[in-house]
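*Asks:* Protein chains in written order, with the working numbering: chain A, 1393 to 1508; chain B, 5 to 117.
Derived from the structure by calculation, the hints contain no laboratory data. All clues stand as given, with none of them false.
Simulated pairs of lysine to any residue, SDA-like, Cα-Cα distance not exceeding 25 Å:
1. A:K1441 x B:M31
2. B:K61 x A:Y1417
3. A:K1441 x B:E34
4. B:K74 x A:G1435
5. B:K61 x B:S22
6. A:K1441 x B:N32
7. B:K61 x A:S1418
8. B:K74 x B:L99
9. B:K75 x A:Q1437
10. B:K61 x A:Q1394
These stretches of chain A come out as covered by chain B in the derived footprint (C-beta under 8 Å, 3 or more residues):
11. 1436 to 1443
12. 1498 to 1508
For glycine and all other residues, C-beta sits at the position ideal for the given N, C-alpha and C.
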Amino acid sequence: AQSVTQLDSQVPVFEEAPVELRCNYSSSVSVYLFWYVQYPNQGLQLLLKYLSGSTLVESINGFEAEFNKSQTSFHLRKPSVHISDTAEYFCAVRGPGSGNTGKLIFGQGTTLQVKP
Amino acid sequence: NAGVTQTPKFRVLKTGQSMTLLCAQDMNHEYMYWYRQDPGMGLRLIHYSVGEGTTAKGEVPDGYNVSRLKKQNFLLGLESAAPSQTSVYFCASNLGVQNTEAFFGQGTRLTVV
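So that you can see chain B by itself, here it is in the shape it has in the complex:
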């Protein structure tokens, strides 16, 4: 049981380049999330999804887009990367029942130069 898997694990982008981060979960979870982690700021929610085909904005959505075409996958896109998007990105999933925990992936370390 792999849980939540993120690819890639590391990436360096030049300013203005685009990329997509992939999150895959094999637990049949309904809810999925993308967070970014920055020093001294904890984790902040970028976008989330409560089911296949649905997405919603979180706390810091600007500069990112997401898609949930399949229940097990949640993609995070950066159309034109900026240095301010240098961060560690975490994907998480949740069964969707009120009292269950979120499971996190191992993270993607992104550097925009």
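Bound conformation, chain A alone:
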């Protein structure tokens, strides 16, 4: 069965420092990859997605993620974080096993805590 592993459950970082949230998935075939963000007491919002094409994808608020097929990874990065980036981040995959159902497999989540 397909799985997603987020290697860090919590990532504390100081404001304006760079951050990387790691995500690995199990499938060796073509997949769609997503990062969702959940701010406190809110639902999930799509941050960015990889469907095809360029392996580097960017969000409007400065995050980027790189699809690495050989390492089956989709790590999320930001060169300089803000206090407002404090949230839980989920990596998710949708692959051939989902058929035409759109089912997502989620990682365990990573809590990003930005300190002043």
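We have chain A already, so just place chain B on it with the hints.
*Replies:* Frame of chain A; chain B shown alone:
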């Protein structure tokens, strides 16, 4: 445009009680999903639907039932609540086309005592 709306937002149940969670979407999406979120486990799929009148089991379906009588609504039922069903429940919907994202509701926090 409200997107995906879940009701209620909070609920406390006693063991053995029943309840229904309602999810409504106004985006004319074909696919709808119910997930539960537990600490350290991410989101796990309970049930899903690929169209009006159809439902299917997800990863953790036991103890839950669903219905999709109308395209815009997806109901999640707990017939006899158990403490293990204490969780945050999220509904999501998807247009149904291969490369589109899922939109999530704000969640329902359920506590079973």
